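Novice: What follows is the residue order along each chain.
Number of protein chains: 2
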Amino acid sequence: MKLTSHTNYAIRMLMFCASKQELATVSEIARFYDLPEKFLFKILGGLTTLDLVETVRGRNGGIRLSRPADQIRLGEVVRRVEENFEMAECFKQGEISCPLVATCGMNGALSRALQAFFDVLDEYTIADLIRKEHNINVLLELNLAMQEPLLRH
Amino acid sequence: MKLTSHTNYAIRMLMFCASKQELATVSEIARFYDLPEKFLFKILGGLTTLDLVETVRGRNGGIRLSRPADQIRLGEVVRRVEENFEMAECFKQGEISCPLVATCGMNGALSRALQAFFDVLDEYTIADLIRKEHNINVLLELNLAMQEPLLRH
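Going line by line, the protein sequences match chains H and V. Just remember that the numbering used here sits 27 ahead of the position in the first sequence, which is counted from 1. Just remember that the numbering used here sits 27 ahead of the position in the second sequence, which is counted from 1.
What the hints contain is simulated information worked out from the structure, not anything from laboratory work. If you're wondering where the values come from, they're calculated on a predicted model, not measured in any experiment. There may be inaccurate statements among the hints.
[To be verified] One-sided and incomplete, this derived list gives chain H residues near chain V with beta-carbon spacing under 10 Å:
(1) 28
(2) 31
(3) 91
(4) 109
(5) 113
(6) 140
(7) 142
[What the hints assert, rightly or not] Beyond 12 Å from chain V on every Cβ pair, some chain H residues (computed):
(8) 50
(9) 52
(10) 75
(11) 94
Even glycine gets a Cβ: it sits at the ideal position worked out from N, Cα and C.
Construct the entire structure; sequences and hints are all you get.
Specialist: Encoded structure:
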């Protein structure tokens, strides 16, 4: 059980935008996290469709959060970006082969557990994720990092 | 984010064994759930290694739970059977490329959410999952179903 890379990187993009406090570009985000630009552009497409990020066009354009970071809950991001939460076959719509589907207690237990998972995520906003002082310092070192592409050591 | 089929079917096998109250066979479990025997044998291997199920050899042999069903918590089963809970790259051991790994709040938020997920699953035992009256009735109809292989409609 794990989140997709898509969701993971979407959260990272939102954190980056929240930390930068001015327009960000996919190119600098890709360099900062050492991730492929192409993949980040795909994720950006999803984030703009969901109205979590907006694009400013033009020569000095870039991207920024559509709302203040303290108004974007982590639970909302994961719920909307992650593709599916079908914990078991019986969460699916349509044909289900399990003969116990109408009566089994597993579905209810997993549904309650998933709700508890989201309840915790909803306690955090994107602003909370970048609140640690050192974390902000790392991001402020960005300008330096941007001048020399990050290399894996 | 979802559990693997392996975990899903492992829970179903445990529920079947708990309901049958005498020795079960992989063959009848496969027919009951309309699942491939080969896959269930693989899952059984894991369940016996984890000492959740034990095998009785001989002509009238079969499998049964190693402990009473009300002493096997769903959280334990999911924790031990599911292959990994690396919610994000930063849950992995070893090399992590994210420059925020030591300071980011996402890891902590996801860890707490995962703990809340397991806390709910730990409220349920395998016995709880099969407690519903109709569910038990479905399983008691097993003998009939066993005489005629179940067909998908």
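Novice: Against this structure, judge whether each hint is valid.
Specialist: Outcome of the hint check:
no., hint, in the structure
1, 28, "holds, 5 Å"
2, 31, "holds, 8 Å"
3, 91, "violated, 19 Å"
4, 109, "holds, 6 Å"
5, 113, "holds, 5 Å"
6, 140, "holds, 4 Å"
7, 142, "holds, 8 Å"
8, 50, "holds, 20 Å"
9, 52, "holds, 17 Å"
10, 75, "holds, 21 Å"
11, 94, "holds, 18 Å"
In summary, the one numbered hint that this structure violates is 3.
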